[in-house]
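In this text, residue positions in the sequence shown follow my numbering: the first is 1, and each later residue adds one.
Hints are computed from structural coordinates only; laboratory data are not their basis.
Just so you know, these numbers come straight off a predicted model, no measurement behind them.
It is possible that some hints are incorrect.
Pairs of lysine to any residue residues, derived as SDA-like cross-links and limited to a Cα-Cα distance of at most 25 Å, are as follows [unchecked claim]:
no.: 1; residue 1: Lys-2; residue 2: Gln-85
no.: 2; residue 1: Lys-220; residue 2: Leu-201
no.: 3; residue 1: Lys-163; residue 2: Asp-110
no.: 4; residue 1: Lys-163; residue 2: Leu-145
no.: 5; residue 1: Lys-220; residue 2: Lys-168
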Amino acid sequence: MKIIGIIPARYASTRLPGKPLIDILGKTMVQRVYEQAAKAKNLADVYVATDDERIYDHVQSFGGKAVMTAQEHPSGTDRCREAVQTINTDCDYIINIQGDEPLIDPQQIDLITTILNGTTELATLIKTAANYDELANTGEVKVTLNTNNEALYFSRSIIPFVKGTIQKNWIMQHTYFLHVGMYAYRTDVLDTITKLPVSSLEKSESLEQLRWLENGYKIKCVMTDIEAQCVDTQTDLEKVIAILKEREA
Numbered sequence: 001m002k003i004i005g006i007i008p009a010r011y012a013s014t015r016l017p018g019k020p021l022i023d024i025l026g027k028t029m030v031q032r033v034y035e036q037a038a039k040a041k042n043l044a045d046v047y048v049a050t051d052d053e054r055i056y057d058h059v060q061s062f063g064g065k066a067v068m069t070a071q072e073h074p075s076g077t078d079r080c081r082e083a084v085q086t087i088n089t090d091c092d093y094i095i096n097i098q099g100d101e102p103l104i105d106p107q108q109i110d111l112i113t114t115i116l117n118g119t120t121e122l123a124t125l126i127k128t129a130a131n132y133d134e135l136a137n138t139g140e141v142k143v144t145l146n147t148n149n150e151a152l153y154f155s156r157s158i159i160p161f162v163k164g165t166i167q168k169n170w171i172m173q174h175t176y177f178l179h180v181g182m183y184a185y186r187t188d189v190l191d192t193i194t195k196l197p198v199s200s201l202e203k204s205e206s207l208e209q210l211r212w213l214e215n216g217y218k219i220k221c222v223m224t225d226i227e228a229q230c231v232d233t234q235t236d237l238e239k240v241i242a243i244l245k246e247r248e249a
C-alpha cells in the first residue's frame, strides 16, 4: 500500500491568527508537525496543503514539500482532496494529519496505517475516556462502536446514555471512547465523500464524519493510548512549550 500524509494548514484562525507560523522554541508549528510526520515509517511522502503563500514558502525553506490549495475549503478533508489532485501521485490512502499538533507522535500515524488493507474505506483513532470531565466537555467528541470496531455514531453529547444512574457515575458503568482527530481515506472514497451534500446530522453536531456515516460509509476505529496536544488557544500553546522545555531539560 502506498500511503501519503497531508497536513492541512490554513493561515486564518479565529483564536490564533497565522497559527501554522507561530514560533515554538525556534521552530514554527507547521515545521514541528511536518518533521514529526516525516518520522512515520509507513508514509511514502508528506505534504503541507495550504492556502497561503507565506506558509508555502516557509515549508519550502526548511526542505519540506507543500502544495497550494484554495482558500474556501470548508474542511481539511476537502483541502486534502485538492492537494492529492494537484500532487497527481498514485497512492492508495491519504492520512489527514492535524496541523495544530506539534507534538504528534509518529507512532500514531503508523498505528492507523496498520488497518489500511485496500478494503478499509475510512479510518480514525479513538482513545478511552479517562474521567467525567472529558465526557462532559462538548469539545471532546464521543464515539460508539459496533463489534467490528466501526463507528456507529459520533457526538458532542455523552453517548450512550446510562439509564438508572446519575450522569457523573456513567463512566463507572460503561467504557466510553473519545475521537482523536486523524483520518485515513482510501483515495477513491476521499474523492466521493467530498462531493456529498452536507447532511442534517453533520449540521446538528458540526461533525463532517456524520455525513459519511449517513451515506453508508464505514469508519474503522483504532485504539490509541497516546495523548494528543492540539493548539487552539494561547493556553494550549503555553502548555506545549512547557512540555518541550521539560523534554529538552
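Results for each hint:
no. : hint                 : result
1   : Lys-2 with Gln-85    : holds (16 Å)
2   : Lys-220 with Leu-201 : holds (19 Å)
3   : Lys-163 with Asp-110 : violated (38 Å)
4   : Lys-163 with Leu-145 : holds (19 Å)
5   : Lys-220 with Lys-168 : violated (29 Å)
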